[in-house]
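Construct all of the structure, not just a fragment, from the sequences and the given hints.
Residue numbers (this note's numbering), protein chains in the order written: chain G, 1 to 256; chain H, 1001 to 1267; chain S, 2001 to 2328.
Treat the hints as calculated values from the structure; they're not laboratory data. Since the structure is predicted, the reported quantities are computational estimates derived from the model, not experimental observations. A couple of the hints might just be wrong.
Unchecked claim - Computed footprint of chain H on chain G, listed as stretches where at least three residues anywhere in the stretch have a Cβ under 8 Å from a Cβ of chain H: (1) 3-13; (2) 52-66; (3) 118-126; (4) 236-248.
Note that the Cβ used here is the ideal one computed from N, Cα and C, for glycine as well.
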Amino acid sequence: MTLLRASIAILLPTLLLVVGGTAAGAILTVRMSLHAPGAGAGLFEPGSVSLSSWASMGDAHHRGIVLTTILAGWGVSLLSTAIGALLALLAVPFAGLRFMGVMVLILAPRLSGVIASLFGLQRLLPRGWIGSLIAETWLLVPYSTLILVIALRGIDPHLVPAARGLGASRWQVLRWIIWPLSLPAVALTLQLGWVWGLGAFLGPLFLGGPDQSTLAFEIHHEAFDLGRWPRAAAEGVVLMVLTASAMAAGSWRPRP
Amino acid sequence: MTNPIIVRLSGWFVLILLQIPLVMTFWASFSADSLLTLPTTRWSMRWYVDFINEPQWSRAAFRSLIAACVAAGIAVPLATAAAWSLREWPQRFRYYVLGALLMPATVSGVALGLGLLQVAHALGLAGQWPCLIGAHTLLGFPVALLVVRMGFTPSLQGLEAAAAGLGANPSVVAWRITLPLLWPWLVASAVAVFVISLNDAVVAVFVCGPDTETLPVVAWRQLRHSAGPMVAVAGTITMVASLGMMGVTTAGLWYLRFRKQSAGGPL
Amino acid sequence: MRLEEISFRFDTAPTLAGVSLKVPAGAFVSILGPSGCGKTTLVKIVAGYLKPLAGRVLLHDTDITNVPPGKRNTGMVFQNLALFPHLSARGNVAFGLEARGLPSSEIHQRVEAMLDQVGLKPDERNRQPGNLSGGQQQRVALARALVIQPSLLMLDEPLSNLDSHLRDQMRGLIRQVQRDTGVTTMMVTHDPEEAMAMSDLIAVMNQGTIVEVGTGRDLYQRPRSAFVARFLGLANIVDGSVIGHRPGSSLLVRPECLVINGEGVPFAGIGKVINSEFFGADVLVTVVLGNTQVLVRGRPNIMPQPGTEVRVSAMPGTIHELPADGES
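Printed below as a string of structure tokens:
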């Protein structure tokens, strides 16, 4: 019992710091969204209460942004899962140092840092929704692949030889064995891609055109370029709600 | 397992495509031209010399290094303590607590940055060092926790039970058994937090003030307007630093694992 | 089935050096050997999962060395069974037939017939492997390998994951199904009793070669080397030779062929008991005779205490002379 009490005591400050920090941020964002916009150079009117920022959330401009954000979520989700599956299938048959080598190449976009990635992507990709979708996917693919590689390596290594020995072709092995057994991991990468895509920021910022504005991009734009803090905060709340509902929807499983 | 030939070919194709942006950055950083017209044929180190001589860049690089080290220094002990004490929590609470601790990882970067900026404002710390350090600690903590938790294996639990059975009290078990067997995981999680902090461009944009701008933030400002070769240099330097750090750690842990078959590490 | 001079060398699997073996049609042959001797490598080569460095695999006089596993028409039961966890027992058994694109009515009929034959009850047939007991899983694996009507069935340590009671039961089932279907069978095992109880022929392997082939009785009673003698059971091997034969060879006598204080058997020697162990059906007594130790398996009612002196004698006709060059 003393051990339990000690462990609770040890965890409490961390819990307060981590949960408190994140939650306080969310709560203060909600409060900020209820401020009146500042007059002149001011960012917001301290102490004021106003729904003016929320009133603008329903206009055509914001409806378009929310739609783009949701589409980005689905696009990144599908694309990163498909590419991740391809790369995971490529990596898994290797063993030892060769496997490590392929994994380093797969993880390179993550391991090499965001500046190098963005610089190269900006040089290579066309501006527009295709470029920004590819850039977002490119940044996520290492994670998706990692999840799928772990799942594929968890499959009993004898199942594939067993299926091949029973006369199944390579495609049949993929369809009848690998695919059904990796479905839970595929669902997880789809969810991860969805949540990640909803927060799409770097892609639209560096590669998107004026029509590819997502919520995350708009938050940054309102806050830093236009200095309208309450509006940025209201958009932030919308983004948090979208993300939370995506996570809730992704965690739902049909009961057996 | 062998895949259909189409799967293999397209896999290799995508894997090569994946590398092109990085090769591009590396290449551009050694180009002698100031207008980034690729492919270049003239090579030079002049941008690296400028990078060191320009205080805006070299200071930002130094700041990034400090922030990454301090964030790792705070996040890893916190994560270790959290992982250790989580095991003692009753099963039905444990997953809720774990979920709460992983919260920073579930909020998208921009929302987290926006929220932390509000907190910093409320505390009067906006744009100052504690704000940046706190943000990066929060950003790295969930990953550090997940990595350290992987180290608490059933075999480690068995060894701890054996030590307790020999009469060691919990603190002796923690210091003499748990920590010595856990340290490869601690190194791995420290490296993870370090790399996350070094490469954070989203949260940092929100929480950095003029005196705490990290390397990605400076590169970011340049990228939004006219990407000069200095961005490529900054990118290549962080790329080499991140990859080098990971490589050295991986090699070190690999070597240790083969030299003495210990209780297992992150590899 | 015939293997000709199979050689294999790879850093992740034991080496094989010129393995040749002939398996008569319809026979049950066991490959018996200690772990790491290459017996599993050999079976993987026969099944087509590994390519030999040299040599040929012949099935019904057709060279199948370069035929991929799925085209060899061989069935295999893996050591861990490798049942597909997401398919029911029926789905597992039907897999090979579906891969061959047979009409579903025929698949259904053959699957049910096969499951009847291995004795899986109808209410267990829709369950996934995770909800089946070890014995039931074994039956499914056997049915899955046999339903494709293979010309050769391979069993890789099929009983090693079962407890001893279930093992006895499955041993009988496998042998019975094998007799009923008449399929030529090759089983890998490290358990000599299992090999002797089930097989028509045993091939003993050691360090990448087959050291001896014969019936269980031959190998147990008249092995050609001390290695085979020791691997198949407890053995007393003493220096000496039959009078008139070449000197320098050694003699094998099994513990159950020795008698303690026996009446009417030729005298062998007097020694001191240093240990005796009780096994229920018999006792095992260690006796020092001169400068050697011998084991004697006796009836449980005679259990000499350590320290006592006993007379040890051998039953007539039970001493076997090992060839002089047979030591390995």
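Count residues of the segment 3-13 of chain G with a Cβ under 8 Å from any Cβ of chain H, then say if the count reaches three.
-> With 7 residues in contact (Cβ-Cβ under 8 Å with chain H), the coverage given for the segment 3-13 of chain G holds.
Are at least 3 residues of the segment 52-66 of chain G within less than 8 Å of chain H when you compare beta carbons?
-> violated (count 0)
Coverage of the segment 118-126 of chain G by chain H, judged on three or more residues with CB within 8 Å | As far as the segment 118-126 of chain G goes, the hint holds, because 7 residues have Cβ atoms under 8 Å from chain H.
Examine the segment 236-248 of chain G for residues whose CB is less than 8 Å from any CB of chain H, and state whether their number is three or more.
-> Satisfied; 5 residues make the cut.
Going through the hint list in order, the structure does not satisfy hint 2, though it satisfies all others.
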